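Chemist: Take the sequences, apply the hints, and build the full model.
In the order they appear, the protein sequences are chains A and B.
Residue 73 in the numbering used here sits at position 73 of the first sequence; the count goes up by one each step and never skips.
Residue 3 in the numbering used here sits at position 3 of the second sequence; the count goes up by one each step and never skips.
Derived by calculation from the structure, the hints in this document are not laboratory data.
Treat the numbers as computed from the prediction; the structure is a model and nothing was measured.
Where a beta carbon is used, it is the ideal one built from N, C-alpha and C, also for glycine.
Accuracy of the hints is not assured; some may be wrong.
Chain A residues, not near chain B, derived (Cβ > 12 Å throughout) [unchecked claim]:
id, residue
1, THR17
2, ASP26
3, GLY51
4, TYR56
5, SER124
6, LEU125
7, ILE155
In silico DSS-like pairs for lysine-lysine, Cα to Cα no more than 25 Å straight-line [claimed, not checked]:
id, chain 1, residue 1, chain 2, residue 2
8, B, LYS143, A, LYS143
9, B, LYS82, B, LYS18
10, A, LYS145, B, LYS143
11, A, LYS143, B, LYS145
12, B, LYS84, A, LYS145
13, B, LYS143, A, LYS84
Okay, here's what each chain looks like letter by letter:
Number of protein chains: 2
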Amino acid sequence: MPSIAIDMDETIADPITKARSWYYRDYGTIFSEDQLRGKSLSEAVPPEHKGIIHQYLNTPGFFRDLPVYPDAQRVIAELNKKYKVYIVSAAMEFPNSLMDKISWLQDNFPFLTWRQYCLCGDKSLVQTDYMIDDLIRNFQFFKGKPLLFTGPHNIHIEGYDRILNWEDAAARLL
Amino acid sequence: MPSIAIDMDETIADPITKARSWYYRDYGTIFSEDQLRGKSLSEAVPPEHKGIIHQYLNTPGFFRDLPVYPDAQRVIAELNKKYKVYIVSAAMEFPNSLMDKISWLQDNFPFLTWRQYCLCGDKSLVQTDYMIDDLIRNFQFFKGKPLLFTGPHNIHIEGYDRILNWEDAAARLL
Numbered sequence: 001m002p003s004i005a006i007d008m009d010e011t012i013a014d015p016i017t018k019a020r021s022w023y024y025r026d027y028g029t030i031f032s033e034d035q036l037r038g039k040s041l042s043e044a045v046p047p048e049h050k051g052i053i054h055q056y057l058n059t060p061g062f063f064r065d066l067p068v069y070p071d072a073q074r075v076i077a078e079l080n081k082k083y084k085v086y087i088v089s090a091a092m093e094f095p096n097s098l099m100d101k102i103s104w105l106q107d108n109f110p111f112l113t114w115r116q117y118c119l120c121g122d123k124s125l126v127q128t129d130y131m132i133d134d135l136i137r138n139f140q141f142f143k144g145k146p147l148l149f150t151g152p153h154n155i156h157i158e159g160y161d162r163i164l165n166w167e168d169a170a171a172r173l174l
Numbered sequence: 001m002p003s004i005a006i007d008m009d010e011t012i013a014d015p016i017t018k019a020r021s022w023y024y025r026d027y028g029t030i031f032s033e034d035q036l037r038g039k040s041l042s043e044a045v046p047p048e049h050k051g052i053i054h055q056y057l058n059t060p061g062f063f064r065d066l067p068v069y070p071d072a073q074r075v076i077a078e079l080n081k082k083y084k085v086y087i088v089s090a091a092m093e094f095p096n097s098l099m100d101k102i103s104w105l106q107d108n109f110p111f112l113t114w115r116q117y118c119l120c121g122d123k124s125l126v127q128t129d130y131m132i133d134d135l136i137r138n139f140q141f142f143k144g145k146p147l148l149f150t151g152p153h154n155i156h157i158e159g160y161d162r163i164l165n166w167e168d169a170a171a172r173l174l
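Modeler: Okay, here's the thing in structure tokens:
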């Protein structure tokens, strides 16, 4: 059975909507889709506010109730029958997110077990047959087949096979 | 730079001494070295007490202040100069251990960073050049060089290269 490592943030979970709304609450400005094109949220805010985004992401509860990406549950339930599925999140930078991420997975992907979770600092030790991720830095040492999950921040990157959304993942992998 | 995945429990951290003393506190019996030979702690207790050991390990704080194995700090600090070191713990079965394990690593291995931590359910997705672990089940899908860290529970297992202690690891790997 081939194995597949699936990322969390901006692949199955949406932290951007919440971070934008918290930033609006605190600073009265909202990011347009345009400002986020080709950039991470930390890169889109003024340099002096970079630490604010970091603070948001390390706030207990931030990751607890994020929206799930459309079709992710249905498609990953199907993938789980044909692949060894792992959910791999480079979450260690935000230790307060770890328990929230586990609870979120238990709530939203109840067909996966704790054996399939991996919370790490750096994905360079993860080797599976496929990796679905929105950040190409996670592919740097990856020997399997990388699949770049499309988002506004990676729209300009070339040279990778892409997955456009979970419907597309189903068409590619099922 | 070659990479090396190093286990936590019964490799760099000792959870057995504490589990034994808690069991003594609760049931008035202490395990002899002999009873633990060739067995995990869960296997050494009467079957009806298996759940008790699980409860101990999932108690917040249990992993927070475990003793460090002799020479582990000094030798891993040296390994960290010559290898990409990762600390990999299949800790996901005990979600309450996760924060304790991170704090313990920060306290006892301050020369490692969060980028080097990996807390997972199953080590089958971890591929490094070497893996030091006391449980052969973690080598099942491992393609690098496994090094079995000797402990009373694995004393009867044959067919693996062993590391007897951290002094021996230094001799083998440095």
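Chemist: Determine for every hint whether it applies to the structure shown.
Modeler: Evaluation of the provided hints:
1. THR17: At roughly 26 Å from the nearest Cβ of chain B, A/THR17 sits farther out than 12 Å, so the non-interface label holds.
2. ASP26: Non-interface label on A/ASP26 holds, nearest chain B Cβ at 26 Å vs cutoff 12 Å.
3. GLY51: holds (17 Å)
4. TYR56: holds (18 Å)
5. SER124: violated (7 Å)
6. LEU125: violated (5 Å)
7. ILE155: A/ILE155 clear of chain B: closest Cβ-Cβ about 27 Å, beyond 12 Å.
8. B/LYS143 with A/LYS143: holds (13 Å)
9. B/LYS82 with B/LYS18: Given pair B/LYS82, B/LYS18 is violated - Cα atoms ~33 Å apart, limit 25 Å.
10. A/LYS145 with B/LYS143: Given pair A/LYS145, B/LYS143 holds - Cα atoms ~18 Å apart, limit 25 Å.
11. A/LYS143 with B/LYS145: holds (18 Å)
12. B/LYS84 with A/LYS145: The hint holds at about 23 Å.
13. B/LYS143 with A/LYS84: Between B/LYS143 and A/LYS84 the Cα gap is close to 17 Å, so the pair holds against 25 Å.
The structure is inconsistent with the numbered hints 5, 6 and 9, although it conforms to all the rest.
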